[in-house]
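Sequence order for the protein chains is A and B. Reminder that position 283 of the first sequence reads as 270 in my numbering, one-by-one numbering, no gaps. Reminder that position 461 of the second sequence reads as 448 in my numbering, one-by-one numbering, no gaps.
Among the hints, a few may not be true.
Each pair may be met inside one copy or between any two copies, as identical chains are not told apart.
Okay, derived cross-link-like pairs now, EDC-like style, lysine to aspartate or glutamate, Cα gap no bigger than 20 Å in a straight line [said to hold, decoys possible]:
id, residue 1, residue 2
1, Lys21, Asp212
2, Lys(-4), Glu36
3, Lys259, Glu207
4, Lys259, Glu29
5, Lys(-4), Glu29
6, Lys472, Asp329
7, Lys21, Asp205
8, Lys(-4), Glu82
9, Lys355, Asp106
10, Lys21, Glu207
11, Lys174, Asp477
12, Lys93, Glu82
13, Lys355, Glu342
14, Lys93, Asp388
15, Lys91, Glu36
Quick caveat, the hints were computed from the structure, so don't treat them as lab data.
The residues making up each chain are set out below.
Number of protein chains: 2
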Amino acid sequence: MTALQELEKRFARAIRIDEAASWLHWDQSVTMPKGGILDRSEQLAVLAEASHAIISNPEIGDLLATASVKDDVWYQANFREMQRMHTAATAVSPELVTALAHAKAKSETAWRLARNENDFNVVLPAFEPLVNLVREEAAALGDAKALSPYDALLDQYDPGRKANEIETIFDRLSQFLAEIIPEIIEKQGKWPSEPAIRADVTDQRKMGIRLLKTIGFDFEHGRMDESIHPFSTGTIEDARITARWDKDDALSGLMAVLHEAGHAAYTRGQPKVWRNQPVGAAAGMTMHESQSLTFEMQAGRSREMSSFLSGILNEAGYRTSADYVRRALQFVQPSYVRVEADEVTYPIHIILRFELEQGLISGDLQPKDLKTAWNDHLETHLGLPGPDDLEGCLQDIHWFDGAFGYFPTYTLGALTAAQLFQTAEKEIGKEKLATELGNGDYSSLQDFMAREIHSQGCLHASSNDLIAAVTGRPLSTDAFETHIKHRYLD
Amino acid sequence: MTALQELEKRFARAIRIDEAASWLHWDQSVTMPKGGILDRSEQLAVLAEASHAIISNPEIGDLLATASVKDDVWYQANFREMQRMHTAATAVSPELVTALAHAKAKSETAWRLARNENDFNVVLPAFEPLVNLVREEAAALGDAKALSPYDALLDQYDPGRKANEIETIFDRLSQFLAEIIPEIIEKQGKWPSEPAIRADVTDQRKMGIRLLKTIGFDFEHGRMDESIHPFSTGTIEDARITARWDKDDALSGLMAVLHEAGHAAYTRGQPKVWRNQPVGAAAGMTMHESQSLTFEMQAGRSREMSSFLSGILNEAGYRTSADYVRRALQFVQPSYVRVEADEVTYPIHIILRFELEQGLISGDLQPKDLKTAWNDHLETHLGLPGPDDLEGCLQDIHWFDGAFGYFPTYTLGALTAAQLFQTAEKEIGKEKLATELGNGDYSSLQDFMAREIHSQGCLHASSNDLIAAVTGRPLSTDAFETHIKHRYLD
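In isolation and in its complexed conformation, chain A is listed as follows (with noise of 0.2 Å):
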């Protein structure tokens, strides 16, 4: 066996150990009694503990230093990765590892109490400690990289991308939001007020499936079940998601259905022959969240999907019209809780934390302070008055579980998704996508996206190459600006 076979082979099975985890941790969101906790994260630990163990071998620097890598651009990305990987798990030292594994737990379960009690004073003691331990790691991350703390952070979510060209693009979106957002809610003003569709869970289940179906969802390599947040895990050959019906507002579940099948076809679309390997492996959080992004926010919320989704509520015996689905699926309203929030102020929540985190990191931001740093921002960007702890800074779960550098994929996806879907209407045709879109076909699309950017895995070495390579330009606003206006003003 050469250097680089035997590497293959140990990547294989730190990639297989993976996903092994991902099916327990499927499990104990949708399926896992809830007694079963304790057995599952000792399974999860060790698991996470063996794929560890198998990517920080010292053996695995040796091979590295000795393979010889067939002139392919396949094989050349591939042992990129390997290097990466390698990099990102040696890094920290293992004291540290086990250090913030302990703070992350620790902290969420505060987080947990903090929001029973509506009080942010009840989660500091258990975040003080874990932001240390993730500056330590950011600092050691970035020596190993030779990045910033932050940019190390980053990396780690969307790799190559830069906190300057982030600060560059929100301070444009900055801009352009602070000038659109009155005109849009002024305009939407004349709006008549509109109740949510209510509908019974079990129609809505009907709903979801077959407007899984007409997607082209494929039942025989995926499902969909229920979880209290949505979300989508899988391989090649086995991509699920999970929904969460509101009986109060059927098209909510059926977006975040959309949502999730988006991610879920980015996870089936991956390159076959490189199905265990680095390479194989999706371009990092900003390109995944385009993908969900496309299928929500681009199709799922166009005037053509509007119609679609009109006649499915119809035909289950809620009568709508395509201008009301329209009208609640593109209605824009500034708001204090992200997940909640609409397309167009979506990107305000996320600008406060790039900034925040920045801090916390930098130690320009202590995390007592962080509250009043949380409320002072809203009222400066949203104009709305500081909300309390529980709509606010605790609203998240990201920070407190250690999770710093992943917010800017959110928004940095909806700019990738705004600017692929353009270049998918221009090669596929304007017309012809919104007719597909009409009747909820969204195989053009998909094709699009599968032969673009699913099939290319991380073959390019950061997510800016590839939308470069796919759309001609590096990521910028201009998409999502065009689209907004558009969309909202047109």
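Since the structure of chain A is already known, use the hints to place chain B on it.
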């Protein structure tokens, strides 16, 4: 860390990986879309390899040689189980392990084809090499364990069990059954001929849940799902069962529920402090089967439970009487198919398999002669003419999947159940237990088993030692004979 602590840590890791694999198996049988099979096989292969690598690691041998073990029966037993596992994992060469895995996969696939064509000759070319490899495996295990080849296979499923003990037991049992079966059949010949109870599958599911709740199955620590073959899997915290509903026979599904609930009760009752250690596991398959058969056969098909079950059926709108249910659950009839056999004729199927598989392993019986040997045996012992292959030698997957030495545990389990139930009756009080069972109340029975069996893990070196410790005598056919005479002739 002492050598013993290091051993405990490593075995815990292997056990948690095995648990993860068991959930992936559960998922594969219950929820996985069928298109996921290839990815799943690779995930399972990697987990099996990872667990085997931990147990077979030569460092385990060194640690076992140097560890000093506390003078405490549990610590000593745990150490003994570690030695057992390490010996078994290192007895067979990696080449043979791989060859066996491939031969099993081929033979299993060929078995499915052979069943489709109802032709034993279709599986024979794949089955012959598998039998040869299993002979090699048995010889290697036998060398390592200082046992005969067949005893070494038995030992995998029922530690310490020897073929010559089984022979004595089965000889006596054959004689008993040859005498009593005609008597029972004659007696039951006077019963009215009655059709099975047909019931809607949704109703059967509800009755299954009702039954589980009544007997004390804890849905906070378990689930009931559906699969082609009912099974049970899990850990102390999360023990699940699956059911299969037959719309033409409501009682068959409910009996399978009781059977699997018996397995799950054993899993739930294992000693918590040893939860991830070898000694914390069940005491082999004979003992496991004794628990499922206590729930299903000893308690479930009793006169008392018939009355409770007829109540459940009546409440669900299926009019029936306690007498009818009892007759349906106690009807005896020689038949070809093991899994459909009643408890009286069941052992004949096992005795057949026990004799033939000893021949296959020793070489006295060649795979090509299996079919003839099978059919001859049936004619001699059941008085039935030779069946076709599907209902004959192709009916069970076990051998074609390389499992030899497993079959005896079914009947040894039935005998163990009878012997344990007799002791339980004495301790609880015959009348009290009967009253409880009349209400579907398994609590005293379950308490007895939890205390005497479940919580003992594999503290004892063999199931025979455990049975002797609980009932005061080694396993014999006495209690089973008493039980059969009482139930079928009184």
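Next on the checklist: My question is about Lys259 and Glu29: at a cut-off of 20 Å on alpha-carbon distance, are they close within one copy, between copies, both, or neither?
Outcome noted: between (32 Å within a copy, 14 Å between copies)
Checklist entry - How would you label the pair Lys472, Asp329 (within, between, both, or neither) given a Cα cut-off of 20 Å? => result within (14 Å within a copy, 74 Å between copies)
Checklist entry - With identical chains treated as interchangeable, where does the CA-CA distance between Lys(-4) and Glu36 reach 20 Å or less: within a copy, between copies, both, or neither? => result Intra 18 Å, inter 13 Å, cutoff 20 Å: intra and inter.
Checklist entry - Is the C-alpha distance from Lys93 to Glu82 at most 20 Å within one copy, between copies, in both cases, or in neither? => result Within one copy only: 17 Å inside a chain, 46 Å across chains, cut-off 20 Å.
Next on the checklist: Please sort Lys93 with Asp388 into within, between, both or neither, judging by C-alpha distance up to 20 Å.
Outcome noted: within (9 Å within a copy, 46 Å between copies)
Item to check | Within, between, both or neither: Lys(-4), Glu29 at alpha-carbon 20 Å | outcome: between (26 Å within a copy, 12 Å between copies)
Checklist entry - For the identical chains here, do Lys(-4) and Glu82 meet the 20 Å Cα criterion within one copy, between copies, both, or neither? => result Answer is between; shortest inter-copy Cα gap is 18 Å, intra-copy 28 Å.
Checklist entry - Are the CA atoms of Lys21 and Asp212 at most 20 Å apart within a copy, between copies, both, or neither? => result Both: 17 Å inside a copy, 16 Å across copies.
Checklist entry - Between copies, within a copy, both or neither: which fits Lys21 and Asp205 at Cα up to 20 Å? => result Only across copies: Lys21 and Asp205 sit 11 Å apart there, 30 Å inside one copy, limit 20 Å.
Checklist entry - Using 20 Å as the alpha-carbon threshold, which applies to Lys355 and Asp106: within, between, both, or neither? => result within (12 Å within a copy, 75 Å between copies)
Checklist entry - Using 20 Å as the alpha-carbon threshold, which applies to Lys174 and Asp477: within, between, both, or neither? => result So Lys174 and Asp477 pass the 20 Å test inside one copy only (10 Å; across, 88 Å).
Checklist entry - Between copies, within a copy, both or neither: which fits Lys355 and Glu342 at Cα up to 20 Å? => result Answer is within; shortest intra-copy Cα gap is 16 Å, inter-copy 75 Å.
In this structure, every one of the numbered hints holds.
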